[in-house]
Amino acid sequence: MKMLKALFHWVPEASESARRFPFTIIATTAAFLMAMIAVWAPHTGTTPIARYIAVCATAISLTVAIALFRHQKLDQARITLVQATGLILLGAFTWLHRSTQDSIFFQKLGLIALGLHFLVAVSPFVFDRNEMKFWEFNRALFARAALTVCYSGLLFGGILAALGSLQPLFGISVNEHVIETIGIFIAFPVSTLFFLAGVPSRAIKWEQPAEYPKALRLLITNVTAPLIAVYFLILYVYSAKILITRTWPDGAIGWLVSALATLVILTHLLSFPIQSDPTRVFFRWLSKNLFRLLLPLLILLFIAIHERVDAYGWTQARVLLFALACWSTAVAIAWSTKTPRLSIFWIPTSLAAIVFVMAVGPFSAFAIALRSQTSRFEKLVAAKPLDFKDIEATRA
Numbered sequence: 001m002k003m004l005k006a007l008f009h010w011v012p013e014a015s016e017s018a019r020r021f022p023f024t025i026i027a028t029t030a031a032f033l034m035a036m037i038a039v040w041a042p043h044t045g046t047t048p049i050a051r052y053i054a055v056c057a058t059a060i061s062l063t064v065a066i067a068l069f070r071h072q073k074l075d076q077a078r079i080t081l082v083q084a085t086g087l088i089l090l091g092a093f094t095w096l097h098r099s100t101q102d103s104i105f106f107q108k109l110g111l112i113a114l115g116l117h118f119l120v121a122v123s124p125f126v127f128d129r130n131e132m133k134f135w136e137f138n139r140a141l142f143a144r145a146a147l148t149v150c151y152s153g154l155l156f157g158g159i160l161a162a163l164g165s166l167q168p169l170f171g172i173s174v175n176e177h178v179i180e181t182i183g184i185f186i187a188f189p190v191s192t193l194f195f196l197a198g199v200p201s202r203a204i205k206w207e208q209p210a211e212y213p214k215a216l217r218l219l220i221t222n223v224t225a226p227l228i229a230v231y232f233l234i235l236y237v238y239s240a241k242i243l244i245t246r247t248w249p250d251g252a253i254g255w256l257v258s259a260l261a262t263l264v265i266l267t268h269l270l271s272f273p274i275q276s277d278p279t280r281v282f283f284r285w286l287s288k289n290l291f292r293l294l295l296p297l298l299i300l301l302f303i304a305i306h307e308r309v310d311a312y313g314w315t316q317a318r319v320l321l322f323a324l325a326c327w328s329t330a331v332a333i334a335w336s337t338k339t340p341r342l343s344i345f346w347i348p349t350s351l352a353a354i355v356f357v358m359a360v361g362p363f364s365a366f367a368i369a370l371r372s373q374t375s376r377f378e379k380l381v382a383a384k385p386l387d388f389k390d391i392e393a394t395r396a
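This note's numbering applies: residue 1 is where the sequence shown begins, and numbers increase by one.
If you are wondering where the hints come from, they were derived from the structure by calculation, not from laboratory data.
The model shown is predicted, which means the values in this text are computed figures rather than measured ones.
For glycine and all other residues, C-beta sits at the position ideal for the given N, C-alpha and C.
Be aware that one or more of the hints could be misleading.
[Claimed, not checked] Simulated crosslink set (EDC-like; lysine to aspartate or glutamate; CA at most 16 Å straight-line):
#, residue 1, residue 2
1, K379, D310
2, K214, E136
3, K133, E211
4, K288, D277
[What the hints assert, rightly or not] If you anchor each label on the Cβ, the simulated ranges turn out as follows:
#, residue 1, residue 2, range
5, L243, L81, 50 to 60 Å
6, A215, G157, 20 to 30 Å
7, P213, R376, 44 to 54 Å
8, T100, K379, 18 to 28 Å
9, Y151, E131, 29 to 39 Å
10, A317, S15, 42 to 52 Å
11, Y151, E180, 11 to 21 Å
12, F363, L160, 38 to 48 Å
13, P200, I333, 30 to 40 Å
Taking the hints into account, I'd like the entire structure generated from these sequences.
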């Protein structure tokens with residue numbers, strides 16, 4: 001009875017999600033159907049269909065972000081126009097990159113998808129910059145996303161275990177395509193509908209937190225804060241080693257500093273509602289000092305990037321790391337000063353802008369890396385021209 005009750009409760013939620021996010025449901029359905037073609041008709045070729053699946057999956061985030069503009073009280077005609085424009089731009093990107101190498105295409109599309117996730121966080125608050133509403137809205141999205149991953153994983157794992165028991169018990173073997181179909185069905189229609197059902201239907205009317213979530217408090221005090229302490233200890237000891245030995249930092253240190261900066265900013269965002277509470281001494285200390293402690297390590301990060309670029313030129317990864325370093329430095333400086341205080345709204349907004357610039361255009365990570373490596377190759381050839389006379393021709 002409980003299962004039937006839960007099912008009857010889930011059906012109207014799914015119906016409401018389809019009404020609120022019709023374009024998202026279309027994108028999800030398209031991704032699911034194309035994935036089915038890839039599974040059951042592999043002779044059609046995997047690379048083109050994989051691109052179409054990835055584009056449709058990216059369209060899910062795009063359509064959710066645009067649909068949330070309803071919170072700005074825009075009329076349906078404008079929402080539909082924006083939806084159509086966004087989908088046309090995504091289609092144009094796919095068409096213009098039809099001859100692009102697969103790895104580059106998926107990297108660019110991954111950056112676009114990441115930027116669209118940041119847009120989902122800010123789209124309901126373009127005109128309403130209430131920070132407490134913004135924080136609570138994204139806390140609800142974060143919690144729903146985590147719950148969706150857990151539920152989907154448990155559901156797939158349970159079904160997989162049940163199917164796996166058929167062979168030893170009844171001698172029935174399950175076709176691997178059936179298992180893939182179940183996984184795809186859970187990954188697209190089921191998980192998408194479940195997540196959309198938890199997206200707040202209107203801007204949250206919430207000014208001050210009545211009670212800070214205990215789960216977030218435990219996450220900060222027991223997970224992120226200890227990790228940050230360990231990272232700071234390692235990096236400051238390494239900085240002391242550099243000063244003593246007078247050796248330049250290793251390139252691998254860049255990603256460690258970036259991980260620390262990400263943890264610091266995440267901790268700052270999670271603890272935002274109680275940073276001004278005089279009774280929360282620990283959280284007030286974190287908000288005041290974490291960014292100040294981070295700034296010297298960001299200098300170390302820039303030195304490490306310079307050393308690698310000077311030796312080997314720019315690559316996509318180094319351009320992305322440099323962009324992240326610049327962004328982290330700007331955020332750290334803004335939050336280290338007392339006034340004017342940077343609104344948390346601008347953290348995902350600026351990240352989305354940077355990610356989009358890094359994905360496409362003449363200043364993208366790919367364009368910069370191509371120019372750098374091409375120039376480096378030309379200089380190497382000019383310095384030591386190739387002598388083809390010394391190369392013995394061989395029959396292919």
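Okay, the hints, checked on the actual structure:
1. Between K379 and D310 the alpha-carbon distance is near 14 Å, which keeps this suggested pair within the 16 Å criterion.
2. A threshold of 16 Å between alpha carbons decides the hint, and for K214 with E136 the separation of about 14 Å falls inside it, so the pair holds.
3. Simply put, K133 and E211 have alpha-carbon atoms about 14 Å apart, close enough for the 16 Å limit, and the pair holds.
4. Restraint check for K288 and D277: satisfied, since their Cα atoms lie roughly 13 Å apart, inside the 16 Å limit.
5. Look at L243 against L81: about 58 Å separates their beta carbons, and that is inside 50 to 60 Å.
6. The hinted window of 20 to 30 Å between A215 and G157 holds, with their beta carbons roughly 23 Å apart.
7. Checking the proposed 44 to 54 Å range against P213 and R376 shows it holds: the Cβ atoms sit about 51 Å from each other.
8. For the hinted restraint 18 to 28 Å between T100 and K379, the CB-CB distance of approximately 26 Å keeps it satisfied.
9. A C-beta distance of roughly 30 Å is found between Y151 and E131, which places it inside the suggested range of 29 to 39 Å.
10. Checked against the hint of 42 to 52 Å, the C-beta distance between A317 and S15 comes to roughly 44 Å, which is consistent with it.
11. Distance hint check for Y151 and E180: the Cβ-Cβ separation is about 20 Å, which falls inside the suggested range of 11 to 21 Å.
12. Between F363 and L160 the C-beta distance comes to about 45 Å, which sits within the given range of 38 to 48 Å.
13. Between P200 and I333 the beta carbon distance is about 33 Å. The supplied range of 30 to 40 Å therefore holds.
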